[in-house]
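So the protein sequences, as listed, match chains A and B.
Read left to right, the first sequence gives residues 1 to 434 (the numbering used here).
Read left to right, the second sequence gives residues 1 to 434 (the numbering used here).
Because the hints were derived from the structure by calculation, they are not lab data.
As the structure is a prediction and not an experimental result, all values here were calculated from the model.
Don't take each hint at face value.
Since copy identity is lost for identical chains, a pair holds within one copy or between any two.
[Unchecked claim] With a straight-line Cα cutoff of 20 Å, these simulated SDA-like cross-link-like pairs (lysine to any residue) come out: (1) K307 / D293; (2) K275 / G247; (3) K307 / I345; (4) K275 / D245; (5) K297 / S280; (6) K416 / A118; (7) K426 / D293; (8) K275 / R244; (9) K408 / Q262; (10) K275 / Q241; (11) K416 / A405; (12) K347 / E259; (13) K62 / K234; (14) K24 / M44; (15) K426 / S99; (16) K343 / R31; (17) K307 / D291; (18) K49 / V87; (19) K234 / L429; (20) K297 / L308; (21) K343 / L308; (22) K24 / T154; (23) K297 / K307.
Listed here are the chains, written in short residue letters.
Protein chains: 2
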Amino acid sequence: MIKVKNKINIGVVGFGTIGSSVVKLLLERRRLFRDRTGIDLNLMFVCDKDLRSKRSVSVPKKMLTRSVDKVIRHPDIDVVVELIGGVHPAKEIITKALSAGKHVVTANKLLLAVEGEAIFKKAEEAGREIFFEASVAGGVPIIKAIREGLSANTFYNIIGILNGTSNYILSRMSGEGATFKAALKEAQSSGYAESDPSLDIKGLDSAHKLAILSLLGFGKKVGMKDIYVEGIEKISPVDIQYARDWGYTVKPLAIAKREGNQLSLRVHPTLLLSKYILSSVSGAYNAISIDADLVGKQVFYGQGAGKLPTGSAVISDIMDTASAIIYGKKSSRFIAAKRAEIKKIKKMDDVRTRYYVHFSAIDRPGVLAKISGILGSNNISISSVVQKERREAHVVPIVMLTHEAREKDMQSALKKINGLATIKRKSVLLRLEG
Amino acid sequence: MIKVKNKINIGVVGFGTIGSSVVKLLLERRRLFRDRTGIDLNLMFVCDKDLRSKRSVSVPKKMLTRSVDKVIRHPDIDVVVELIGGVHPAKEIITKALSAGKHVVTANKLLLAVEGEAIFKKAEEAGREIFFEASVAGGVPIIKAIREGLSANTFYNIIGILNGTSNYILSRMSGEGATFKAALKEAQSSGYAESDPSLDIKGLDSAHKLAILSLLGFGKKVGMKDIYVEGIEKISPVDIQYARDWGYTVKPLAIAKREGNQLSLRVHPTLLLSKYILSSVSGAYNAISIDADLVGKQVFYGQGAGKLPTGSAVISDIMDTASAIIYGKKSSRFIAAKRAEIKKIKKMDDVRTRYYVHFSAIDRPGVLAKISGILGSNNISISSVVQKERREAHVVPIVMLTHEAREKDMQSALKKINGLATIKRKSVLLRLEG
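Chain A extracted, bound-state conformation (with noise of 0.2 Å):
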């Protein structure tokens, strides 16, 4: 058994879930990472508002509190949990506990998708480090692999699915033909989706870890208004089927991908081909794929959320950060450096991709001749095109997959087909990979 060098105290601030999680693993696993580290974790506060309610896992009292400032100001405490969520007071929570000279774990995406580059200033000038590998794809070491793994190489592209409950979503209406209603309260009530889901099926949640990857991939500070953002309520079962007839999966993908010295962000439902391995990719699991000079395509599979998974994200960096205090490594390198000469964020107008349309039209002599005119004028070529049914004179649904286009002369074209007589409900539009 390695001898025990040393001690690391701990404090837990948000005993929610996540929270009890990591709580419950500190204090049950405490010898075996104490074998496996060579340091003693020890769980020395759990801080939350509410005391009350019953956890998982039971807590020496002594260890409770309800005061913040007391876990941050306690001269034994080494490192800071952030497990509340949320911008604010974690933001605060989080600056304090660094000024205070505490090394900072924490799960949350969305203070650092848009206060991370403030936060990341902040622990450099106060010479802590900060881990956050829980707040992209839960268990799986994503960030680790970006910023410790992948090192020599300079990115093409991450592409992933980080959102489980969108991909829940997909991959039931794509199994089994539910629509978005009935698989959003199935996902409800199997634990897949929040109450308020909008979070996720909007899109923002990918987004929200789009910015973290894309922050650590490319060395290129992202917030929410470079990421174009679409969500998924609007896909349909059919257009699901008519993806399908041609080989394709529908995706809840983050896309960053790099071209020339510009980077475009984009989150929306794609068209991806069913042979990719994304594509495999189904029920609530995360996947990231990422093309990098030197590597190739690599892809990281797992679950993307969940206490357990989480927890061990959690679990990982805290030993990472107990390694830097009893070793001394300093490992937020990457986080400030460059990776790639990106200069500016391409504006979603300027993406170049392919499409997937699909056209609500009267069946009448002479309408493809139209759609395909405006389309043509727009610079966009069609590589296939269905119609789906023939029955004269009734509103039947044409769909088609285009050659690269540019966004903006889609858009403008969408615009004037959908302003047609014979066009009888908005055409539903949706991007290809691959």
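Using the hints provided, position chain B relative to the given structure of chain A.
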């Protein structure tokens, strides 16, 4: 830009394909790596017996040397990067380097598989680091993931496609119905297989990598005699086709499974349900699936060989070593630490798994009854059976899947069945996962 705090002097021993790639990266990306790590990675020596052959990179003459001792003994050298491969003299070079107080980075899977324990012990005694990310799955940061990212977990199993050559061959047989011989030839002409491919196709290369992963994931020293190894040479297109009819893909798997306090270890072609992610890993790609108590199932996918992916892993290790030197962190935690309470290696005879069996029997009444009788009396029950053609009194294929059975029972049943007068060729036995 991060201020340069310090410089690390590197000696690369072995100027072959991988060596050239690492040297090239160190020379061409020196500034980029310094920006990222804050440390100047200074290539000081490149050592090889042969300094005449043409390489893909040109190296200043003063860096080149034929003398390993000159590199190892030089007081300014901090890190020795061993890239010559093979057991001898690589072992002696690494041991001497550690004794001389140098840190070591190596890509040598064979050496670590057979001499890993001695080398890790030596590194610990010397108080020096040894990193070896490139030894398994090329550029995929799987070793870092197991040692650091998943360090809070207890592992249930590690299942990998660890040999790109075998996977390429089986993929070609699967996709194009090529024979083993034709697929091997193609792999050789495309550069995916060596002129002597036996280490790859016989499963030994996978076994070496499995030994390394098992030591890290289960804390158990594993010798080659502990691993049951079967190559892919006997796979025929017809068995791949029959497997597919049942929804399975044949993959070259390396499997380490914890069962209670025992660990079973085997490398063999395996039928895998086609819906599993590992089934979609084709061509020369590698993938590792891990099942662990906190994170559940994770998969890591990428190029398992090639000079650039391997170079990426070696550079990441050099950066970790540099970081350990400059910032003082000890990272070799977990190598010797207990992970699970593995008491012993399970004998292959005692392993329980499902099977695919292909009998070549004369189509005569009672043949199937005879076969299933022998299976039944050996505690093996059949889950599906198909007689592929019916030609009375001719040799026809009878293929079946069994429920879980003990290897020893299966082997003795097979021996009896192969001895029947109606069985006209040696039966094909494959194992099945999932």
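Tell me, please, which holds for K24 and M44 at an alpha-carbon limit of 20 Å: within, between, both or neither? within (13 Å within a copy, 49 Å between copies)
If the cutoff is 20 Å on CA atoms, where do K426 and S99 land: within, between, both or neither? Let me know, please. neither (54 Å within a copy, 73 Å between copies)
K307 and D293: within-copy, between-copy, both or neither at 20 Å Cα: Cα proximity of K307 and D293: across copies only (12 Å, versus 35 Å in one copy).
Pop the pair K307 and D291 into one bin, within, between, both or neither, using alpha-carbon distances up to 20 Å. Between copies only: 16 Å across, 30 Å inside.
Homomeric proximity label, K297 with L308: Cα distance no greater than 20 Å: between (28 Å within a copy, 12 Å between copies)
Given identical chains, is K297 near K307, meaning Cα to Cα at most 20 Å, within a copy, between copies, both, or neither? Between copies only: 15 Å across, 29 Å inside.
When Cα atoms must be at most 20 Å apart, do K416 and A118 count as within-copy, between-copy, both, or neither? Neither, since 44 Å and 73 Å both go past 20 Å.
Can you give me the call for K275 and R244, within, between, both or neither, at a CA distance of at most 20 Å? Cα proximity of K275 and R244: in one copy and across copies (11 Å, 16 Å).
Is the C-alpha distance from K24 to T154 at most 20 Å within one copy, between copies, in both cases, or in neither? So K24 and T154 pass the 20 Å test across copies only (15 Å; inside, 39 Å).
How do K416 and A405 come out at 20 Å by Cα distance, when the copy is not named: within, between, both, or neither? Classified as within: same-chain Cα gap 16 Å, cross-chain 66 Å, threshold 20 Å.
Within a copy, between copies, both or neither: which one fits K307 and I345 at a CA-CA cutoff of 20 Å? neither (35 Å within a copy, 32 Å between copies)
Within, between, both or neither: how does the pair K234, L429 come out at a Cα-Cα threshold of 20 Å? For K234 and L429, only the intra-copy Cα distance (10 Å) is at most 20 Å; the inter-copy one is 50 Å.
Hints 3, 6, 7, 13, 15 and 21, counting from the list given before, are not met by this structure.
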